[in-house]
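The task is simple: from the sequences and hints, build the whole structure.
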Amino acid sequence: MSTATQDIKIDVHHLTRVEGHGNIVVDVRKGKIEKCEWQVPEAPRFFEAMVRGRHYSEVARITSRICGICSVGHTLASLKATEAALGIHISEQTFKLRELLKHAENFDSHVLHVYFLAAPDLLGAPSVFPLVATHGEVVARALRLKRLGHEWGSLIGGRTTHPTRPVPGGFAALPTVKELQELKAKLEQAVPELEATLKTALALAPKFPAFDRPTEYIALSSDKGYALYDGEIQSCLPDGKKQRYAVADYKKVTNEYMTKLSTAKYCKNKLDSYAAGALARFNNNYDQLHPEAKKVAQALGMKPVCGNPYLNTAAQVVEIVHSYHDSLRLVNELLKAGIKDEKPAQPTKYATGAGGVEVPRGILFHEYSYDQDGMCTAGNCIIPTNQNHANIQRDFDKLVPELLAQNKSESEITLALEMLVRAYDPCISCSTHFLDVTFI
Amino acid sequence: MARPKAAFFDFTCCEGCQIEFTNYGDAAFLELIKHVDVVEFREAMSEKTTEPIDIAFIEGSFSREADRKRLEDIRKRAKIVIAYGQCAATAGINALKNHTKDYKEAVYGKDALMPHLDSQKALPISAAIKVDYNAFGCPVNKYEVLQIVSHLLHGKEPVIPTYPVCVECKRRETVCRYQEGDHCLGQTARAGCGAPCPADGIPCEACRGFVDGPNEAALEKALCSAGFSKSRAQEKSRMFAANQRRDAK
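The listed protein sequences correspond, in order, to chains A and B. So the first sequence is residues 1204 to 1643, counted in this note's numbering. So the second sequence is residues 592 to 840, counted in this note's numbering.
In case anyone wonders, no lab produced these hints; they're calculated from the structure. Keep in mind the model is a prediction, meaning the values are calculated, not measured. Be careful, since some hints might not be right.
Said to hold, decoys possible - Between beta-carbon pairs, the in silico distance windows are:
{"no.": "1", "chain 1": "A", "residue 1": "Q1209", "chain 2": "B", "residue 2": "K692", "range": "50 to 58 Å"}
{"no.": "2", "chain 1": "A", "residue 1": "D1415", "chain 2": "B", "residue 2": "T640", "range": "35 to 43 Å"}
{"no.": "3", "chain 1": "A", "residue 1": "K1389", "chain 2": "B", "residue 2": "K625", "range": "21 to 29 Å"}
{"no.": "4", "chain 1": "B", "residue 1": "K667", "chain 2": "A", "residue 2": "P1329", "range": "20 to 28 Å"}
{"no.": "5", "chain 1": "A", "residue 1": "Q1392", "chain 2": "B", "residue 2": "M592", "range": "35 to 43 Å"}
{"no.": "6", "chain 1": "B", "residue 1": "H690", "chain 2": "A", "residue 2": "T1551", "range": "49 to 57 Å"}
As the list claims (entries may be wrong) - Below 16 Å or equal to it, Euclidean Cα-Cα: the simulated EDC-like pairs (lysine to aspartate or glutamate) are:
{"no.": "7", "chain 1": "A", "residue 1": "K1444", "chain 2": "A", "residue 2": "E1495"}
{"no.": "8", "chain 1": "B", "residue 1": "K821", "chain 2": "A", "residue 2": "D1576"}
{"no.": "9", "chain 1": "B", "residue 1": "K596", "chain 2": "B", "residue 2": "E642"}
{"no.": "10", "chain 1": "A", "residue 1": "K1546", "chain 2": "B", "residue 2": "E771"}
{"no.": "11", "chain 1": "A", "residue 1": "K1552", "chain 2": "A", "residue 2": "E1536"}
{"no.": "12", "chain 1": "A", "residue 1": "K1387", "chain 2": "A", "residue 2": "E1545"}
{"no.": "13", "chain 1": "A", "residue 1": "K1546", "chain 2": "B", "residue 2": "E638"}
{"no.": "14", "chain 1": "A", "residue 1": "K1546", "chain 2": "B", "residue 2": "D791"}
{"no.": "15", "chain 1": "A", "residue 1": "K1299", "chain 2": "A", "residue 2": "E1545"}
{"no.": "16", "chain 1": "B", "residue 1": "K667", "chain 2": "B", "residue 2": "D645"}
{"no.": "17", "chain 1": "A", "residue 1": "K1455", "chain 2": "A", "residue 2": "D1475"}
{"no.": "18", "chain 1": "A", "residue 1": "K1389", "chain 2": "A", "residue 2": "D1426"}
The beta-carbon is built from N, C-alpha and C at its ideal position, and this holds for glycine as well.
This is the structure we're talking about:
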């Protein structure tokens, strides 16, 4: 029987090799698509209810626990929102250390995703564990790079899963000059590992599926450089047309709405859906990538505006190289200036404020209100995976008919859809904590 | 125990404790998997099993009645169940909503009654199934996890600290936060982390929960002595120890 008239039933319950719980359900009867859904059944956790009544010094500690993979980003977004609400102004040293910490998280998380979550599909393996026997050196390299990201982030943040040192106004503890010199040496020693990573990526690049559905791409953007820790919101349309918005106006961009398919809300701005993540950053801010990262993009055959969502993983490889080189610059600047023993800056008011950072999976917003005692009265967090759910669904809507027209089998379609979701590197437990709290 | 079959399962949590498993570096990780056969680990593997397993690491809290059956199925298949991380051991931060009634409305507004948003009190997995050992911490201490596994491999009982964080601060000669004019929960917090936070000048938030039988009244008195209002002193330990407090719901 040809696929054009066949019945296809895909029911991937709790998709593997992604953070959190998602289901893929496709029902095709006699070639007609009855159902084609990306579902998010993650248990909701109600973080915005948890922060009410907590002191400002505790809020980032609580919202960090939204996600174990991007807890550095949640901590930083939370601190930025609290600092905006409390009129706290951080020093240049704090700004640079936070940029360095943000790079560590993106490097660490991208290594995890590229090597452990995405690469097994391209190598035809169910996970990284069988690869220990067949590709032992690649796995060992992945573990070494993961460890590097972990040690680099831990030096600045205290630890990488739920960092302890970043606090409102700065850092509770600072790295010493000697520790920064050791980090610099470790980074420099990793050059061959990065080159090998690029070689592996180039060998696997032809295996990325061909698919094109340009969409709206939303990312932070800044005139000062490739935005990760700080910037304004920027939209990039498929024709390359860009528009900026203030972070405080984030709700005008995210426009959340509830759907029956998901415990996480959907988002849309100018088009029916939009994408956040490495590819969205690449498409918005390509010109500001480090020259070495641009070379990697060219070698991978990527240029903006890239409309193939599968290449989000390739954009992560580009960003691994960017974060590596930009971090070396930051470490050198910090070493040149010397580490000053600064105490965290203090509040100057108690009001409402929003903060945005780029976590590995895309743009993240936190917003809080505080009373005169510094206690939190309301909170709101809008997570990148949540901003991607609608876009994943629209990709499904275009991809499944294309695969059916190509007479792909049920197992081929299943793999293509699983790989598509994995390419977004979703962080689903993150994405189920939203809401529209009414701000007083 | 000869090369036990181990599996990781996740419930209501952030999956950060699973991430800690990837932070050992190549030497320790590759050595570990020589001694332990990882047969299921959804966050990192597509392989699944319905076979009996020797050690089940269960991450996350029990917060939906719908999850009870999955927990019971894991218990039936597993010789040893380890509550992996604070969410599984005591419900940790998830229990911070337990004392409120309007958490659904606060987060989802008019959509709160949609059936798929159903969620009850956050409870430890021991509220649904028998747990053999707890790996405390938010996140777990990855070296303590190695030690627990090593003890099990050698047929020994894992040693889980029952003393407070203050002991570890004394041991590493950290000046007490109260001496610095700050506050801290170390007096009633379960040790095992090595007390890195007070050493960094950060008050302990008790992310490993309370010790057994904590003196909450004395803790509140100490917090008031550090300048806390009475209500803030009473609320402070709810962050990670909500289910272990005397007013636990």
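Hint check:
no.: 1; hint: Q1209/A with K692/B: 50 to 58 Å; verdict: holds, 51 Å
no.: 2; hint: D1415/A with T640/B: 35 to 43 Å; verdict: holds, 38 Å
no.: 3; hint: K1389/A with K625/B: 21 to 29 Å; verdict: holds, 26 Å
no.: 4; hint: K667/B with P1329/A: 20 to 28 Å; verdict: holds, 25 Å
no.: 5; hint: Q1392/A with M592/B: 35 to 43 Å; verdict: holds, 38 Å
no.: 6; hint: H690/B with T1551/A: 49 to 57 Å; verdict: violated, 32 Å
no.: 7; hint: K1444/A with E1495/A; verdict: violated, 26 Å
no.: 8; hint: K821/B with D1576/A; verdict: holds, 13 Å
no.: 9; hint: K596/B with E642/B; verdict: holds, 10 Å
no.: 10; hint: K1546/A with E771/B; verdict: holds, 14 Å
no.: 11; hint: K1552/A with E1536/A; verdict: violated, 32 Å
no.: 12; hint: K1387/A with E1545/A; verdict: violated, 22 Å
no.: 13; hint: K1546/A with E638/B; verdict: violated, 49 Å
no.: 14; hint: K1546/A with D791/B; verdict: holds, 13 Å
no.: 15; hint: K1299/A with E1545/A; verdict: holds, 13 Å
no.: 16; hint: K667/B with D645/B; verdict: holds, 11 Å
no.: 17; hint: K1455/A with D1475/A; verdict: holds, 14 Å
no.: 18; hint: K1389/A with D1426/A; verdict: violated, 30 Å
The structure does not agree with the numbered hints 6, 7, 11, 12, 13, 18 stated previously, though it agrees with the rest.
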